[in-house]
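Enquirer: What follows is the residue order along each chain.
Protein chains: 2
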Amino acid sequence: MKQIREILVDLYGCEADLDNVDLLISTLRAASEQMGSQIVKVTSHKFSPTGTTVFIILAETHMSIHTWPESKYAALDIFICDEKINPEIGWKTVKDALKPTSFKIHEMTRNIP
Amino acid sequence: MKQIREILVDLYGCEADLDNVDLLISTLRAASEQMGSQIVKVTSHKFSPTGTTVFIILAETHMSIHTWPESKYAALDIFICDEKINPEIGWKTVKDALKPTSFKIHEMTRNIP
Chain X
1 MKQIREILVD LYGCEADLDN VDLLISTLRA ASEQMGSQIV KVTSHKFSPT GTTVFIILAE
61 THMSIHTWPE SKYAALDIFI CDEKINPEIG WKTVKDALKP TSFKIHEMTR NIP
Chain S
114 MKQIREILVD LYGCEADLDN VDLLISTLRA ASEQMGSQIV KVTSHKFSPT GTTVFIILAE
174 THMSIHTWPE SKYAALDIFI CDEKINPEIG WKTVKDALKP TSFKIHEMTR NIP
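From first to last, the protein sequence lines stand for chains X and S. Using the numbering used here, you'd call the opening residue of the first sequence number 1 and step up by one each time. Using the numbering used here, you'd call the opening residue of the second sequence number 114 and step up by one each time.
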């Protein structure tokens, strides 16, 4: 039995520019590096007039972020299937970069038979 | 206040070929169509020797699936920020295509201020 950990975070009142795709990509890249995970592919989309999505496929599953800059809100998911990698380290990197004034964390585990 | 619904499903004992990326992409495309959501971008990766990831950016947020074919297991996330779109319709389409013998659903809501 292998365990997957998924951290889903609501970030409220972010001080960073949530419409800046380059900032979001570099933030998730840094989070991946800090966790010691391996990036396989990065994809993103900038919505019009506002809002972004960044998704990173990791060798150890994924990270995604969706932003609503007009509400200073972002939804982050970090989904990790390797027990040696701690998704909370990635979350800390994102928190330091996006500077939310408050946040809400949901955590769940999934079991691979 | 806008509400996001996220459905996270563990699919066990899938009868479908979980190493078939084309099948997974067409299944998520069909799920998106059935829900009435709009596909923005599709990305995927086939791991070696086995395992796949498919991610679809929707105008209404995202769908992702990760598979462990050797365990007949898949982890599906459907993340929808439009109250007119029902993620359970998408899940039903995936269930019909991948034919799990059992599954476990986690549901959560997130609030955009």
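Derived from the structure by calculation, the hints contain no laboratory data. None of the values given here were measured: they were computed from a predicted structure. Cβ coordinates follow ideal geometry from the N, Cα and C atoms, glycine included. Accuracy of the hints is not assured; some may be wrong.
Stretches of chain X that chain S covers, calculated by requiring three or more beta carbons in the stretch to come under 8 Å of a beta carbon on chain S [to be verified]:
{"id": "1", "segment": "23–35"}
{"id": "2", "segment": "53–65"}
{"id": "3", "segment": "72–83"}
{"id": "4", "segment": "87–99"}
{"id": "5", "segment": "105–111"}
Enquirer: Now look at each hint and say whether the structure bears it out.
Expert: Each hint tested on the structure:
1. By the rule of at least three residues with a Cβ nearer than 8 Å to a Cβ of chain S, the coverage given for the segment 23–35 of chain X is violated, with 0 such residues.
2. Figure legend: the segment 53–65 of chain X, annotated as covered by chain S; annotation consistent (7 residues with Cβ-Cβ distances under 8 Å, at least 3 required).
3. Judged by the Cβ-Cβ criterion of 8 Å, the segment 72–83 of chain X is covered by chain S as claimed, because 6 of its residues qualify and three suffice.
4. Only when three residues or more bring their CB closer than 8 Å to a CB of chain S does the claim for the segment 87–99 of chain X stand; here the count is 0, and the claim is violated.
5. Counting residues of the segment 105–111 of chain X whose CB lies closer than 8 Å to any CB of chain S gives 4, so the stated coverage by that chain holds, three being the minimum.
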